[in-house]
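K.L.:
Top to bottom, those sequences are chains A, B and C.
Start counting the first sequence at 34; every next residue gets the next number (the working numbering).
Start counting the second sequence at 60; every next residue gets the next number (the working numbering).
Start counting the third sequence at 695; every next residue gets the next number (the working numbering).
Hints are computed from structural coordinates only; laboratory data are not their basis.
Check before you lean on any hint, since a few could be wrong.
What the hints assert, rightly or not - Cβ-Cβ distance ranges computed for the label pairs, FRET-style:
(1) B/G306 - A/R257: 55 to 61 angstroms
(2) C/I822 - A/E128: 36 to 42 angstroms
(3) C/L713 - A/T111: 56 to 62 angstroms
(4) B/T433 - C/Q923: 26 to 32 angstroms
(5) C/L945 - B/K141: 40 to 46 angstroms
(6) B/S283 - C/V747: 53 to 59 angstroms
(7) B/P349 - C/V747: 26 to 32 angstroms
(8) B/P245 - C/A746: 49 to 55 angstroms
(9) A/L131 - B/S213: 46 to 52 angstroms
(10) C/V720 - A/G206: 21 to 27 angstroms
(11) B/S254 - C/V720: 38 to 44 angstroms
(12) A/R160 - C/P942: 18 to 24 angstroms
(13) C/V720 - B/K432: 50 to 56 angstroms
(14) A/T111 - C/Q923: 46 to 52 angstroms
What the hints assert, rightly or not - Examples of chain A residues lying across from chain C (beta carbon under 10 angstroms, computed):
(15) S57
(16) S89
(17) L93
(18) F98
(19) I130
(20) P150
(21) R164
(22) A181
(23) K182
(24) L187
(25) N197
(26) P227
(27) A235
(28) L264
(29) L266
(30) I323
Where is the CB? At the ideal position from N, CA and C, for every residue including glycine.
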Amino acid sequence: MSVTTPAGAATAAPAGAGGHGPWSRASALLWRRPWARATLLLTPPLAWFLLIYIASLAVLLITAFWTINPFTTNIERTWNLTNLTTILGTSAYREIILRTVGMAAGVTVIDAIVAIPFAYYMARIARPRTRTFLFVCVLLPLWASYLAKVFAWLLIFTHDGVLNWALGKIGIGPLNLIYTNTAVFVVFCYIWLPYMVIPVYAALERIPASQIEASQDLGGRTLRTVRSVILPLALPGIVAGSIFTFSLTLGDYITPILIGGGNSTLIGNVIDSNVVYNLPLAAAMATVPIAIMACYLLASRALGAFREI
Amino acid sequence: MHNLIGIRWRAAAAVLLAGALALLAGCGGSSSSAPNSSTSSGATAGLTVPTANLPVLQKIGKGEGQLNLIAWLGYLQPQWVKPFEQQTGCMIHATYPNTSDEFVTLMKNGGGGVWDMASSSGDADLRIIYAGDAHPVNINLIPGWKQFFPVFQSPPFNTVNGVHYGVSLQWGPNVLMYSKKAFTTPPTSWNVLYSKQYAGKISVYDGPIYIADGAMYLKYHDPSLGITDPYELTQPQFQAVVNLLKGQHPLVKQYWSSAPAQISAFANGDVTVGASWPYQVSALTAQHFPIGAVIPKEGATGWADTWMLAAKAPHPNCAYMWMRYISTPKVQAEQAVSYGETPDNMLACSYMNQIAKGSCALYHANAPAAYFKTIALWKTPVAQCDNGKPDCVPYANWVAAWNTQIK
Amino acid sequence: MEPAGLRVALRIWVVLVLLALFTPIVLIVVYAFGPSVVQTWPLRGFTWHWFAVAWHDQAVRQAFLLSVKVGLVAAGIALVLGSAVSYALHNFRFFGAEGISLLLVLPLALPGVITGVALNNLFYFANIPLGVLTIVIGHVTFCIVIVYNNLIARLRRTPRSLGEASADLGARGWQTQLYVMAPQVATALVSGALLAFALSFDEVIVTVFTAGANFTLPLWIFGQLRQGQQLPEVNAVVTIVILLTIIPVLLAARLAGAGAAVPTARAAASADTANAPGTMSA
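Please build the complete structure, drawing on both the sequences and the hints.
P.N.:
Now the structure itself:
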């Protein structure tokens with residue numbers, strides 16, 4: 034593929050070859066010692082992260098191995114695995130975990146299906162002005178508060194609401210979608226959609242046209258080109274988007290409270306209701322999303338999403 | 060080529076992590092656990108209040124200009140807040156939790172140096188007190204207190220060993236709310252919430268404390284269980300109540316967690332009957348929705364609220380000014396009529412009738428003793444029963460049962 | 695390049711998705727004009743009253759400004775740190791690299807309550823008063839991963855040959871970064887920063903635990919929704935916010951190179967000589 038000569042290269046040639054100033058010495062040093070560069074790059078974020086977040090999280094999660102005194106509900110530091118076995122052993126908690134993971138997976142798949150054609154159109158077919166317009170359209174809903182959007186869906190799904198009104202006009206009887214898992218699912222798909230579209234768009238945008246043409250020159254029809262060339266190239270974007278949709282669903286509990294019914298308890302709800310009186314149990318439950326995300330990232334790596342081209 | 064850094068990274072990372080974890084394991088639970096004794100000899104026996112010996116304010120000084128409050132919805136209406144702000148210059152800044160548990164969380168660490176007071180209910184107050192998050196209150200600085208019904212002057216949920224940690228506010232019932240479109244005559248029993256006739260149209264409170272409502276129901280309908288106090292249940296009694304609520308689960312359309320959520324459900328026709336607060340009843344009738352409410356024959360659970368003073372309240376003078384203001388008969392009446400609850404100040408009755416004729420009798424502000432006994436006020440279930448035996452089910456188990464068996 | 699049938703189908707899809715995306719938004723705006731505090735369908739009247747209330751509400755203005763401030767700072771810090779991590783993880787192999795990916799995604803994967811309680815305990819322990827600083831700290835923890843995810847996906851598709859060619863042509867390290875690599879990743883960086891800002895601007899749960907008595911806009915909305923007494927004011931505020939953000943988002947979209955020419959076959963054929971398809975023209 035063709036490369037544009039960097040604008041600065043021509044003027045840099047005389048100085049670049051043998052510069053001895055302190056900047057070029059530093060630059061050369063960093064080029065020769067990769068570990069120095071890595072350390073320089075990684076220290077600020079890692080220090081930030083380790084000290085602030087991981088430390089406080091570790092302190093919290095350690096309590097998963099402790100218990101509470103049932104009389105005083107104070108935390109007692111007797112090391113045991115009771116909470117973890119409770120989480121994994123009680124069928125109700127297992128059901129909650131499966132429901133959460135299932136919902137997260139479902140939301141990810143639906144959002145990917147909705148986002149990919151949209152992002153493709155945006156990235157490769159739309160004219161520049163249309164593309165800007167679509168970009169703005171995808172981003173704008175993010176600025177309408179999450180809570181306001183959920184309340185709007187309440188108005189849509191409720192018994193005397195917009196959906197039933199519209200269906201009534203075409204003669205379909207009222208649906209009873211409010212306070213159900215279906216409602217929660219639809220709202221999740223809606224709210225996280227921009228987080229899937231943007232990364233996929235960013236990935237599709239940079240696929241060089243030459244690679245697609247090459248595929249066609251080699252006899253690939255549309256479907257084949259899509260399957261063998263476009264999707265693999267877009268995969269990192271899809272995976273990046275899916276990490277957002279999956280993890281955001283895994284950790285959310287407000288939507289089930291506002292729109293869900295009696296069967297809509299998710300992992301986040303269990304943690305939320307236990308965090309005051311039974312912190313060890315909440316902490317034990319919190320280890321589940323961590324394990325799930327670890328598996329998810331491993332699976333993504335196995336699918337080759339993180340490979341270089 | 061780049062693997063040179065492998066070894067150095069391994070070493071550095073290991074040292075860093077090990078050091079961090081070792082440091083933290085040592086001071087591990089101190090910041091997250093409630094302090095004080097872990098004696099297992101009983102619920103509150105042997106426990107001391109960490110803040111009991113803090114000196115109380117002797118005189119109310121100049122206001123600090125701001126007051127940060129944690130309140131139930133409807134407790135801070137402009138009707139009585141604006142005059143207070145104008146009189147004292149203390150501008151009120153508030154947050155509105157949905158459950159007593161959230162009150163306890165917000166008051167952690169003495170209110171965090173952020174919050175001054177919380178209008179928490181009886182089931183949260185002792186938690187807050189024993190966690191050391193409440194500050195002793197000088198009740199002599201609050202003239203309205205002398206006008207309170209005796210039973211609310213030093214109730215066990217906000218006064219420990221003679222030390223007050225707040226001033227009682229108001230109290231009220233959890234009512235049975237119904238849509239007049241669905242009920243031509245008002246229901247008389249809680250059994251409508253357990254009946255298949257109204258399946259899919261029922262709305263109940265989303266919180267483990269609701270188990271006590273089930274216990275009230277069984278106390279009346281199944282005397283063989285021997286339930287006397289709906290918050291003190293032995294294991295067999297508890298299991299019976301849990302089974303009752305498990306049976307109710309398929310009939311429930313909405314477990315409401317915030318008052319506006321239930322208001323919306325009733326207004327939009329999603330539900331027609333449910334367990335509710337007077338706040339929702341007032342809000343819906345004010346908007347002319349056909350809604351009614353009753354306290355059925357089995358009695359009801361309820362709540363008595365206290366303005367608790369936070370241990371690290373940053374605006375103590377404004378806090379005392381508020382406690383004084385909110386305890387006066389006129390303001391008590393205004394709040395009672397607006398929300399639909401019963402004031403603790405005996406002299407509020409006549410003011411209530413001035414605001415809304417008949418409201419004093421409607422909210423039982425003039426005859427609380429008999430009425431009082433029909434309402435089982437929220438209190439934290441602890442393992443120590445009142446009869447001294449330690450076999451009552453504590454709140455942590457209520458939460459577990461709520462999450463794993465009922466919902 | 696794509697068959698006409700496919701183009702038509704895609705156009706229809708885009709229109710449908712836009713309809714779905716904006717129906718709730720339209721509802722929010724419509725109900726800002728509703729008179730009733732209890733919101734039911736259909737609308738019971740028309741009034742500008744709530745816009746007037748929202749406009750004069752000092753608490754809303756302060757909350758909005760605080761949200762903007764926190765969002766800009768948090769997104770900025772996350773941009774720097776997220777880029778650093780992306781570049782390091784992309785260019786170097788070392789023990790624990792995958793672990794870092796997992797650590798970074800934790801603030802998103804874990805329910806906000808856990809992050810919130812953990813940070814709250816930390817601040818109490820370290821005697822840091824809850825305020826703007828703590829809000830920003832909380833937000834940066836989950837903003838880093840957004841920048842990181844977007845950027846690393848892009849980096850993984852950037853051929854190393856570009857950098858090497860640039861070096862072959864005599865550019866020094868920083869020149870390669872600035873003139874060759876940076877434009878490649880511009881889209882990813884800007885979109886990462888945008889998403890990070892959006893998430894920070896809209897975050898409620900962690901903020902509850904780290905804000906103390908300060909109100910960001912989502913906290914104000916959260917409080918209002920629980921109160922349920924001024925619901926249309928919330929709608930009015932959200933409507934105003936959406937209108938206010940159209941211009942900045944438009945500018946950011948241009949910056950992200952969304953307006954750059956599409957790398958179609960026609961464009962490449964007509965620009966047959968050295969120019970890369972549209973990359974440098976943005």
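K.L.:
So, for every hint listed, does it hold in this structure?
P.N.:
A quick look at each hint next to the structure:
At about 57 angstroms, the beta-carbon gap between B/G306 and A/R257 stays in the expected band of 55 to 61 angstroms. A hinted range of 36 to 42 angstroms for the beta carbons of C/I822 and A/E128 is consistent with their spacing of about 40 angstroms. The beta-carbon spacing between C/L713 and A/T111, approximately 58 angstroms, falls within the hinted interval of 56 to 62 angstroms. Between B/T433 and C/Q923, the C-beta spacing of about 30 angstroms keeps the proposed range 26 to 32 angstroms intact.
Take C/L945 and B/K141: their Cβ atoms lie about 42 angstroms apart, and the range 40 to 46 angstroms holds. Our hint of 53 to 59 angstroms for B/S283 and C/V747 holds, since their Cβ atoms are close to 57 angstroms apart. For the hinted restraint 26 to 32 angstroms between B/P349 and C/V747, the CB-CB distance of approximately 28 angstroms keeps it satisfied. A hinted range of 49 to 55 angstroms is violated for the C-beta pair B/P245 and C/A746, which are about 41 angstroms apart.
At roughly 51 angstroms, the beta carbons of A/L131 and B/S213 sit within the given window of 46 to 52 angstroms. The hint said 21 to 27 angstroms for the Cβ distance between C/V720 and A/G206, and at roughly 25 angstroms that hint holds. Judged by the Cβ atoms, the range 38 to 44 angstroms given for B/S254 and C/V720 holds: they are separated by roughly 40 angstroms. Distance hint for A/R160 and C/P942: a CB-CB separation of about 23 angstroms, consistent with the stated range 18 to 24 angstroms.
For C/V720 paired with B/K432, a C-beta distance near 53 angstroms keeps the hint of 50 to 56 angstroms intact. Distance hint check: the CB atoms of A/T111 and C/Q923 are about 47 angstroms apart, consistent with the given range 46 to 52 angstroms. Because the beta carbon of A/S57 sits about 7 angstroms from the nearest beta carbon in chain C, less than 10 angstroms, this interface hint is met. With a cut of 10 angstroms, the hint placing A/S89 at the interface with chain C holds, because the nearest CB-to-CB distance is about 4 angstroms.
Interface hint status for A/L93: upheld, as the beta-carbon distance to the closest one in chain C is roughly 5 angstroms, under 10 angstroms. Checking A/F98 against chain C: minimum C-beta separation of about 16 angstroms lies over 10 angstroms; hint violated. Evaluation of the A/I130 hint against chain C yields a violated restraint, the C-beta minimum of about 13 angstroms exceeding 10 angstroms. Because the smallest distance between the Cβ of A/P150 and any Cβ of chain C comes to about 5 angstroms, under 10 angstroms, the interface hint for this residue holds.
Of the supplied interface hints, the one on A/R164 holds, with its beta-carbon coming within about 5 angstroms of a beta-carbon of chain C, less than 10 angstroms. Contact between A/A181 and chain C, as hinted, is supported at the beta carbon level, the nearest pair being about 5 angstroms apart and thus within 10 angstroms. Checking A/K182 against chain C by beta carbon gives a least distance of about 5 angstroms; that is within 10 angstroms, so the hint holds. Because the beta carbon of A/L187 sits about 8 angstroms from the nearest beta carbon in chain C, less than 10 angstroms, this interface hint is met.
Because the closest C-beta pair between A/N197 and chain C is about 9 angstroms apart, less than 10 angstroms, the hint holds. Hint on A/P227 holds. Least Cβ distance to chain C is approximately 8 angstroms, under the 10 angstroms limit. The beta carbon of A/A235 is positioned within 10 angstroms of a beta carbon in chain C (closest approach about 5 angstroms), and the interface hint is therefore held. Taking 10 angstroms as the C-beta contact cut-off toward chain C, the hint placing A/L264 at the interface is violated, the least distance being around 13 angstroms.
For A/L266, the interface hint holds, the least distance from its beta-carbon to any beta-carbon of chain C being 7 angstroms, beneath 10 angstroms. The beta carbon of A/I323 comes within 6 angstroms of a beta carbon in chain C, closer than 10 angstroms, and the hint placing it at the interface holds.
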